[in-house]
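Chemist: Join the two chains, each given in its own frame, into one complex according to the hints.
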Amino acid sequence: QKEVEQDPGPLSVPEGAIVSLNCTYSNSAFQYFMWYRQYSRKGPELLMYTYSSGNKEDGRFTAQVDKSSKYISLFIRDSQPSDSATYLCAMRSGGSYIPTFGRGTSLIVHP
Amino acid sequence: GAVVSQHPSWVICKSGTSVKIECRSLDFQATTMFWYRQFPKQSLMLMATSNEGSKATYEQGVEKDKFLINHASLTLSTLTVTSAHPEDSSFYICSALADSNQPQHFGDGTRLSIL
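Same order as they appear, the protein sequences are chains A and B. Positions 1 to 111 (my numbering) are the ones given, in order, by the first sequence. Positions 1 to 115 (my numbering) are the ones given, in order, by the second sequence.
A hint or two may mislead.
What the hints assert, rightly or not - Keeping only pairs whose Cα atoms sit at most 27 Å apart, straight-line, the calculated DSS-like set for lysine-lysine is: (1) A:LYS2 with B:LYS41; (2) A:LYS67 with A:LYS56; (3) B:LYS20 with A:LYS42; (4) A:LYS42 with B:LYS64; (5) A:LYS70 with B:LYS41; (6) B:LYS41 with A:LYS42.
What the hints assert, rightly or not - Reference listing, derived: stretches of chain B covered by chain A, where coverage requires no fewer than 3 residues with Cβ under 8 Å from a Cβ of chain A: (7) 43-57; (8) 104-115.
Read the hints as simulated data drawn from the structure, not as lab findings. Source: prediction; values computed, not measured. Note that beta-carbon positions come from the ideal geometry of N, C-alpha and C, so glycine has one too.
Pulled out of the complex, with its shape left as it was, chain B reads as follows (with noise of 0.2 Å):
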């Protein structure tokens, strides 16, 4: 159980165009749902938490008119990355949680690569 489908798993798209990515619970209701982006041999870096619904919560240094979040039911969330450029490149995973007593499920991650 506990299954968090991520999509695509690998993107790659020239300067300046948009780039969306799913995240599904599959086989629960997600109350919330999280971002993180993460640097080669570095640890997860939130970038936002989102509940079904409701606006994205962003963390700090987190641009929300380049990172737009979707969080359209207790199942999806999306994060696109608008105008993506180079610095974009990274690996960016979500992760879901059904509720506060439960530990959060990740996906498996895109890679997106910006040319």
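The following block holds chain A by itself, in its conformation from the complex (with noise of 0.2 Å):
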């Protein structure tokens, strides 16, 4: 079993929709987890970062992570056609500055 899991998609969504990513994991000792954007052919951009348990919102993402279930997701609502991209989940432990990623999850919002 991979530390960190994600399903890589891709996910179809029609303009306006909203999304739901979501990674498992399996290190009881992660603390911080982020989200970042990738798109083609650039470096991946951090969206959201968070620490321990519970929600955290911004513009039109919201963060969430349930460390009981050992469950993080990623809400975006009224989903564009520029949120298509690759969305990695990543998480570490309080001891360690080098993240675990996910594989990545291939969002495509159609117009």
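Modeler: Here is the structure:
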């Protein structure tokens, strides 16, 4: 079992839909959780950074962490074609600055 | 804030040449920088971690004599692919970390094509 599991997709949704992206993990020591967006032939761009459990909202993006279930989510409201990209989850423990990445989910938002 | 610049963005060169890639943190001092390699439709593969002024720590299976890393200052790290061959063709991405409580910020990557 991989430490971080993420469905590669692709996930195809119509413009305006609410998108839910998820990762599960097995290491209970993970405390810091990140979501990155990566466009084709570009480096990953940090979207959300959260510590421990709970919700964090930033514009159309909401990150949720459920440490009891070892499950994190990223919600995108009012999705736009410009949101089409690969979304990578990443997480690390407090004792390490090297995160473990999921393999990424490819999202396609069609007009 | 937290801008990381990587240069060049794309390089094509002949087999046997060496290629240097630069990674700079533009608006913060990076205590640690990382170098990743990414294959098409795959996640990031960590190659090495470097701290300013000290030798890089390479991941298992990464040849340190092949991929030379220099972290000369708190804002600059370089990766040199020595005697590059077609199998070294890939997308190389750097990232930088200000401190252990912050997330990594990535450069835009370098597409390396060896003919």
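Chemist: Taking the hints in turn, state whether each one holds.
Modeler: Each hint, compared with the structure:
Distance restraint check for LYS2 of chain A and LYS41 of chain B: the Cα-Cα separation of roughly 17 Å lies within the 27 Å cut-off, and the hinted pair is therefore satisfied. Note on LYS67 of chain A and LYS56 of chain A: the hinted pairing holds, with a Cα-Cα distance of about 14 Å set against a maximum of 27 Å. Distance hint between LYS20 of chain B and LYS42 of chain A is fulfilled; the C-alpha atoms sit about 19 Å from each other, no more than 27 Å. The hinted pair formed by LYS42 of chain A and LYS64 of chain B meets the criterion: a straight-line CA distance of about 25 Å does not exceed 27 Å.
A C-alpha spacing of about 25 Å is found between LYS70 of chain A and LYS41 of chain B, which places the hinted pair at or below 27 Å, so the restraint holds. A distance of roughly 13 Å separates the Cα atoms of LYS41 of chain B and LYS42 of chain A; the hinted pair therefore holds under the 27 Å criterion. Residues of the region 43-57 of chain B lying with their CB closer than 8 Å to a CB of chain A number 4, which satisfies the three-residue condition for coverage. Coverage of the region 104-115 of chain B by chain A holds [criterion: at least 3 residues with CB-CB distance below 8 Å; count 7].
When each numbered hint is compared with the structure, no violation occurs for any of them.
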